[in-house]
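Engineer: Residues per chain are reported as follows:
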Amino acid sequence: MIEYAELVVLIGAPLYIAAMILYSYRLIRGPTIPDMVLAADSLSYDLAVFLMALALYHRTSFLIAPPIMLALWVYLLDVYVSKYLVTREVGV
Amino acid sequence: MNTRILVLILLVVSALSVSIAASLLLDIPVPRGLKELAVYYVSNTIRDTGSPEAVAAIVWDYRGLDTIYETLVLYLAIVGGLAIFRVTLKTITKTPIGLTLFSKTSTKIISLLIATISAAITFHGHLTPGGGFPGGSALAVAAMLIIPVFSMYALLEKGVTSTKLVALRGFALTAIGLVALLPVVRGLEIVTNQKFYPTQILGIPVGGSISLYNIFESIAVASGFIAIALYLSIPEEAYKTGESSA
Amino acid sequence: MLEELSYILIVVVLALNSLIAIYGIVYRRSLVKKLISLTILSDTVFIAVILAGFYFTHPLIPPVYEDLGGGNIDYMVKHASDPLPQALVLTGIVIGLATNALIAFGIIQSYRLTGTTDAKKIIEILSRSGVEE
Amino acid sequence: MILPIILLITASLLSLVFVYMAVTERDLLKAVVFSAGQSISYAILLQSMSTPDIVMTYVTVSVGLYSALILFVISKTERFEGGGREH
Amino acid sequence: MLKYLVVWLMVFTIYIVFTGSIAPLTLITGLIVSIVLSITTAKYLVEDEEKLKQPIRLLYLVYYFLKYITVIELRAHMDVVKRIITMDIKPGIVRVPVASVSRYARLLVMSSITNTPGTVVVDEKNDYFYVNWIYVSTTDPLKARESISLEFERFASRIFD
Amino acid sequence: MIEPVLFWIGSALFIIGGVFDLIAAIGLVRFPNFYVRLHAATIGAIYGAVLPLIGISLMALGLPELPGRYAIAGASFVTAILLLIVAPIGSHVLAYAAHKSKSVEWNPVVDHLAEDEAK
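So the sequences go chain by chain: A, B, C, D, E and F. The working numbering puts the first residue of the first sequence at 830, with every later residue one more than the last. The working numbering puts the first residue of the second sequence at 28, with every later residue one more than the last. The working numbering puts the first residue of the third sequence at 273, with every later residue one more than the last. The working numbering puts the first residue of the fourth sequence at 51, with every later residue one more than the last. The working numbering puts the first residue of the fifth sequence at 81, with every later residue one more than the last. The working numbering puts the first residue of the sixth sequence at 607, with every later residue one more than the last.
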């Protein structure tokens, strides 16, 4: 059964990697800063899924915590960039 | 602008072509096995340290003394940074601006969840990946989310001041030192783990001193970074209007 | 074949990355840009240290046992990643953050004194006010 | 073994692009976002080398705390290399 | 008193689900963590304790979650996927009135609107949501409300108001 | 006997999520400005991330020989729930900041928010 899991992850991988490259293209090109932060958001949500699937691929339960961090900390980037754009001073 | 993209494409293409050529032409051996020192660490970690996690075992047991000194460096760097900014936070009063109401409501929930997850990472640091450093920095992020969303004054009103945080940090550092020094009273070496601290309490694996170190290190890292963030978020006007009391 | 390609490519890319970061530290005039380049350089060095303990096997698992019972030591020795570089890098990352925070405090303070973050202009201002370089 | 190899190749090329863009960008705010992208691609490298301890600390510090720190610095100094807070 | 219990239960459940084990170590540390966090944060999280005494609201929430993630989302996703292929867009920001009162009800309505592809809440002012809409079919606030947020609001007022 | 069913449902969700993620990425590249790209990013966050995470959780539950399968399932489920809370707030905050700072140029059909702010 676990070989099938590996196969499923391998079939899904090209989709996620292609999406990753397209998101990075938008992150590099993005004319404005909100565009770039949006692309970084989507990139890390995509990777949260894919890195979690890597735990199935390597058959271990110890690779599960990093994706949750990746998904959460990009929210921190969102909040800080938005606050800077709105008020110029982050702390007030 | 255009030359910049051109140079970028040149860089990527040359990196790719050099490595393709090297992998085709040269016979470079790639590593296919663990190094001998690592074999020792991986196979003996449970017997030597009582922790199934080899990284935590190295950080806090095999090379525990290094880590304690590095924690001291961390403490000094933060204290040095705070010494450059000499201002008392009490003198500044201003109405908080913050972000939108939605982000305020949801940041409350998200911070609670982050704190929960960071506690889970810290307390299982001797059994699963994680431990003091990731748990502590995650806890710091929970507080650093509050600063832009509610503004720093919200934290100050609740009594979270950087003086208290530096004091908390000092306490955590003292606790780490005590845990390291305590085996000396029974004539053992400094930073002794298994001969002094129990590996299991009532059948629950606690990993000797490793879990204690993890908890205190997490407190130290979190309070240090929150103190830095609080100092950095003092608005510039506080300096220009001369409200600072240097 | 692919394994060799990926290994060499990572080494080449890490070398290029550190060269670009050093260019940023040395030739860029903004102090903030120097700080960003410094973080990139330290990250690259951390990856290089981790790469020193990396090897090709499938599955590649973290060096963690399932329980205290000991488990299958042979399986772990064949498939676990190297714990020593990880332990060294782990403390390095956090200490790097603290020292970079110290540098950030310094940059802000020098901006308050001189009104610019441009390294050349700072030297000009200092030499005009009679302070030796 | 094929999946980690593909990830290593893609992520290392991405990191090269992000590092170059971050160092040569004049707008420091954009440089911060590029350096966050560089951190994300390094996180992929680390995760495919199976080092979860490092990934956790690295992602927290490098995507979250470094970005916040440098944004604090930019908000207190100037946004563009060579002066100026606005466009 | 009840609010502490509810926050405690939430934190404890998240802790257990995240670690995925019921070993004694997890249970003991989870108990400590959840008690500490519920004592320190419950007063900021819960506004009205009376509503917690009606568990029917929780059932509504679960039913809403299931219906939302399958039926409503699928319809909206297909719409936007079609627009990605055909590039048939007419973007704009429209006013949408909201009737929900409590903060959590509004947060739920807002999250539902934003999580549906095609609509994003930009701002909130004087009981109006300002919604960025990918295809503005009407500029009249009441008609826009019918096609954007009416269904969410019905559930939200049942769950949180 | 339930386990193969769970596993195959989970794999289907994982693959479908990948397809939606790719479509979202194409949308993010093709759409003309930030306010329209927000909608493509929402696809990437909900059907491109939350759905496949639930799928991975089901897959892990359906694999009895996987060590620590409950940990994988639980962590993916918690990540999915967190994304459901975090993703809309991220988009909303970014849209708010872009509109407040006027850093994005676009030609809307109608912009009630700008009209109300001009009053």
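By construction, these hints were calculated from the structure, which means they are not laboratory data. Since the structure is predicted, the reported quantities are computational estimates derived from the model, not experimental observations. Possibly wrong hints are sitting among the right ones.
Here are the in silico distance ranges between beta carbons for each label pair [unchecked claim]: (1) Ile47/B x Ile165/E: 56 to 62 Å; (2) Ile397/C x Val66/B: 46 to 52 Å; (3) Pro610/F x Leu64/B: 42 to 48 Å; (4) Pro104/E x Thr386/C: 35 to 41 Å; (5) Met158/E x Ile608/F: 29 to 35 Å; (6) Trp712/F x Ala48/B: 44 to 50 Å; (7) Val625/F x Ala194/B: 50 to 56 Å; (8) Arg636/F x Ala48/B: 32 to 38 Å; (9) Pro670/F x Leu107/E: 22 to 28 Å; (10) Ile840/A x Val34/B: 34 to 40 Å; (11) Met607/F x Tyr215/E: 54 to 60 Å; (12) Leu208/B x Thr120/E: 28 to 34 Å.
Taking lysine-lysine and the PhoX-like style, the derived pairs with C-alpha atoms no more than 20 Å apart in a straight line are [what the hints assert, rightly or not]: (13) Lys706/F x Lys205/E; (14) Lys123/E x Lys185/B; (15) Lys170/E x Lys223/E.
Ideal Cβ positions, reconstructed from N, Cα and C, are used throughout, including at glycine.
Engineer: Hint by hint, note whether the structure agrees.
Structural biologist: Hint-by-hint comparison with the structure:
At roughly 36 Å, the beta-carbon separation of Ile47/B and Ile165/E lies outside the given 56 to 62 Å, and the hint is violated. About 58 Å separates the C-beta atoms of Ile397/C and Val66/B, a value inconsistent with the hinted range of 46 to 52 Å. The beta-carbon spacing between Pro610/F and Leu64/B, approximately 44 Å, falls within the hinted interval of 42 to 48 Å. Distance hint check for Pro104/E and Thr386/C: the Cβ-Cβ separation is about 60 Å, which falls outside the suggested range of 35 to 41 Å.
Distance hint for Met158/E and Ile608/F: a CB-CB separation of about 30 Å, consistent with the stated range 29 to 35 Å. Restraint check, Trp712/F to Ala48/B: a C-beta distance of roughly 47 Å satisfies the suggested window 44 to 50 Å. One distance hint, 50 to 56 Å for the beta-carbon pair Val625/F and Ala194/B, holds here, with the actual separation near 54 Å. Between Arg636/F and Ala48/B the beta carbon distance is about 36 Å. The supplied range of 32 to 38 Å therefore holds.
Range check, Pro670/F to Leu107/E: Cβ separation about 24 Å, and the 22 to 28 Å hint holds. For the pair Ile840/A and Val34/B, the supplied restraint of 34 to 40 Å holds, since their beta-carbon distance comes to about 37 Å. Range check, Met607/F to Tyr215/E: Cβ separation about 46 Å, and the 54 to 60 Å hint is violated. Judged by the Cβ atoms, the range 28 to 34 Å given for Leu208/B and Thr120/E holds: they are separated by roughly 32 Å.
This hinted pair checks out: Lys706/F and Lys205/E have alpha carbons roughly 14 Å apart, not beyond 20 Å. Proposed proximity of Lys123/E and Lys185/B is supported: the alpha carbons are some 12 Å apart, at most 20 Å. Taking the CA atoms of Lys170/E and Lys223/E, the gap is about 17 Å. The hint holds against a cut of 20 Å.
The structure fails to meet hints 1, 2, 4 and 11 from the earlier list, while all remaining hints are met.
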